[in-house]
Amino acid sequence: MKSFLILIATVILAANASFGNVDPDKKPTKFRILAVSASNDSVMSASNVITLFQPFSIELPTAFTPNGDGLNDSFGAVAKGVKEYKMIIYNRFGDVVFSTSDINTKWNGTVKGNEAPSGGYVYQVYARGNEGQGVDRSGKVILIK
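Quick note on numbering: the sequence shown equals residues 1 to 145 in the working numbering.
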């Protein structure tokens, strides 16, 4: 009977990944299980590659203050594991004041280069994660000056 060791190896395709510690800001981590012979260190068997995606989460603030102090100066989603994204912001008359398909692009409180007035705005957010879960949500945000 041959003896062998079971190893869990991180596939080189994942950058700087370590088992059990998946960085939410990195790309998906890929793992593979290897059975290695105890006598000559040769690989006897290898599993399929398993891809671990970041857990999907998305949060939106209820207010922001675009006053240039470096705190809450823009409005947008704080999210992890997002594959598809769209956000539209409307003023009280239903006019679109901002839209983006880039999760990293936030609204800075301007409309066509001019400061938007203080008050309430309505947003619609559509987001999907790598495994199909997602949200299609609308809500209100307060612009405070």
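Think of the hints as simulated: they come from the structure by calculation, not from any bench.
Note that this is a predicted model, so its numbers are computed, not measured.
One or more hints might be untrue.
Straight-line C-alpha distance at most 16 angstroms; calculated EDC-like pairs for lysine to aspartate or glutamate [as the list claims (entries may be wrong)]:
1) K80 <-> D102
2) K145 <-> D102
3) K106 <-> E131
4) K80 <-> E115
5) K86 <-> D102
6) K140 <-> E59
7) K30 <-> E115
8) K80 <-> D95
9) K106 <-> D41
10) K86 <-> E115
11) K83 <-> D95
12) K112 <-> D95
13) K145 <-> E59
The hints, checked one at a time:
| no. | hint | result |
| --- | --- | --- |
| 1 | K80 <-> D102 | holds, 13 angstroms |
| 2 | K145 <-> D102 | violated, 26 angstroms |
| 3 | K106 <-> E131 | violated, 25 angstroms |
| 4 | K80 <-> E115 | violated, 30 angstroms |
| 5 | K86 <-> D102 | holds, 7 angstroms |
| 6 | K140 <-> E59 | holds, 13 angstroms |
| 7 | K30 <-> E115 | violated, 45 angstroms |
| 8 | K80 <-> D95 | violated, 29 angstroms |
| 9 | K106 <-> D41 | violated, 52 angstroms |
| 10 | K86 <-> E115 | violated, 23 angstroms |
| 11 | K83 <-> D95 | violated, 27 angstroms |
| 12 | K112 <-> D95 | holds, 12 angstroms |
| 13 | K145 <-> E59 | violated, 22 angstroms |
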